[in-house]
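Produce the entire structure from the sequences given, and follow the hints as far as they go.
Those protein sequences? They're chains A and B, same order as listed. Using the working numbering, read the first sequence as starting at 1 and increasing by one per residue. Using the working numbering, read the second sequence as starting at 1 and increasing by one per residue.
Incorrect hints may appear among the rest.
Unchecked claim - If you want the footprint, here are the derived chain B segments under chain A, 3+ residues with CB under 8 Å:
id, region
1, 29–35
2, 38–45
3, 117–130
Unchecked claim - So the derived label-pair ranges between C-beta atoms look like this:
id, chain 1, residue 1, chain 2, residue 2, range
4, A, Gly134, B, Tyr98, 51 to 57 Å
5, A, Asn142, B, Leu10, 16 to 22 Å
6, A, Arg78, B, Leu10, 57 to 63 Å
To be verified - Here are some, though not all, of the chain A residues that point toward chain B, as calculated from beta-carbon distances under 7 Å:
id, residue
7, Leu57
8, Asp58
9, Arg84
10, Leu85
11, Phe96
12, Leu98
13, Phe101
14, Pro110
15, Gly113
16, Gly115
17, Phe133
18, Lys225
Source of the hints: derived by calculation from the structure; they are not laboratory data. Beta carbons: idealized from backbone N, C-alpha and C, even for Gly.
The chain contents come next:
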Amino acid sequence: MSAALIEARQVTKVLSGIVPVTLVRDIDLAIMPREFIAITGPSGSGKSSLLYLLGLLDLPTSGEILIDGRSTTSMTERERARVRLTRLGFVFQFHFLLPEFTITENVALPMRGLGKLPPRAITARAEELLDSFGLGDHRHKNPDQLSGGQRQRVAVARALANDPPVILADEPTGSLDSVSTAQVFGILSDLVALHGKTVVAVTHDLNLASQMHRRVHVVDGRVVKDERLTAAAATV
Amino acid sequence: MYTIVGAILLVASFGTYNIISTITHEKTRDIAILKSLGFMDQTIRAIFIFEALLVGFVGAVLGWIFGYLLTRGLASLEFKTPFSDFNHLPVLYSAKHYALAAGVALLSSLVAGYFPARSAARLHPVDIIRGAT
Numbered sequence: 001m002s003a004a005l006i007e008a009r010q011v012t013k014v015l016s017g018i019v020p021v022t023l024v025r026d027i028d029l030a031i032m033p034r035e036f037i038a039i040t041g042p043s044g045s046g047k048s049s050l051l052y053l054l055g056l057l058d059l060p061t062s063g064e065i066l067i068d069g070r071s072t073t074s075m076t077e078r079e080r081a082r083v084r085l086t087r088l089g090f091v092f093q094f095h096f097l098l099p100e101f102t103i104t105e106n107v108a109l110p111m112r113g114l115g116k117l118p119p120r121a122i123t124a125r126a127e128e129l130l131d132s133f134g135l136g137d138h139r140h141k142n143p144d145q146l147s148g149g150q151r152q153r154v155a156v157a158r159a160l161a162n163d164p165p166v167i168l169a170d171e172p173t174g175s176l177d178s179v180s181t182a183q184v185f186g187i188l189s190d191l192v193a194l195h196g197k198t199v200v201a202v203t204h205d206l207n208l209a210s211q212m213h214r215r216v217h218v219v220d221g222r223v224v225k226d227e228r229l230t231a232a233a234a235t236v
Numbered sequence: 001m002y003t004i005v006g007a008i009l010l011v012a013s014f015g016t017y018n019i020i021s022t023i024t025h026e027k028t029r030d031i032a033i034l035k036s037l038g039f040m041d042q043t044i045r046a047i048f049i050f051e052a053l054l055v056g057f058v059g060a061v062l063g064w065i066f067g068y069l070l071t072r073g074l075a076s077l078e079f080k081t082p083f084s085d086f087n088h089l090p091v092l093y094s095a096k097h098y099a100l101a102a103g104v105a106l107l108s109s110l111v112a113g114y115f116p117a118r119s120a121a122r123l124h125p126v127d128i129i130r131g132a133t
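Below you can see the structure in the form of structure tokens.
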């Protein structure tokens, strides 16, 4: 059994069509607990595609993805959905909050999907998460009443709703100003340092990437460099 | 008379279908978000079918109220004609008609919600997420 939380083994993704396009090719990658990983690379290099494959949002054409040492190749869509709901949290470049709901309801969504907690406990946990991100005063507001940085913090809170060990973030600061970028990055950093989460973030921002534990550089769908930037991840 | 009522219900059901299927299609991005969070296809289908039935039910109740008031209004109109002894429009109040209208509204809502929700639930969330960013 692997100790990795997520492992990619010889993963290739080809988009079929008149001219097949290879998004990701022959990638081997192991993501260990409490790592803070940056996936970097030029536009169109396959960074986001790799993240979606690691997060079971997409299926590889060949190779396999293992979550907690278990192959996902033979999983049904229902099983993959369950893994996404319980083991993985997603943050996208755009906040992707549902506009008709309050931010508390948005954060509660994954818990409602899981259906383990009673409604009152779900609301209490959602409010607790919002409080911890400094959004307690806005709990009854809808997403369009918040700033971009606040919305993205709500998106991070939603990703944490079911307390998954891994957060996958696709350009989480890509649409934010420098102040909001610092806030969101600080939150992600704290998730690793203080809460023992594993964060994998696609980013164009090399300055942010340099502050993470490990950098995986992708070019033309291949991992061309996988370097540890600090010893923190290995020693925690 | 049933031919006219049937034609009206058919036209109304097409209207209901169009509105609800448009609402469901507009929610494609929301469906992708729910799928990325880990919601299952059947849960997503259930949400949209429930919404469609709710819209159909509210529409049916409003239709009952406005239909009843309209027929009361028509029944109160007085007119004189040399060709007939009637001086009011003959209006029939039947619970069966109300039940039929509600049944058609709910059925068309169900169909309108089910098929777009089913195809939307099958969509690849990555395609929608990429398209939306």
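Return the numbers of the hints above that this structure violates; sort them in rising order.
5, 6, 13, 16, 17 and 18
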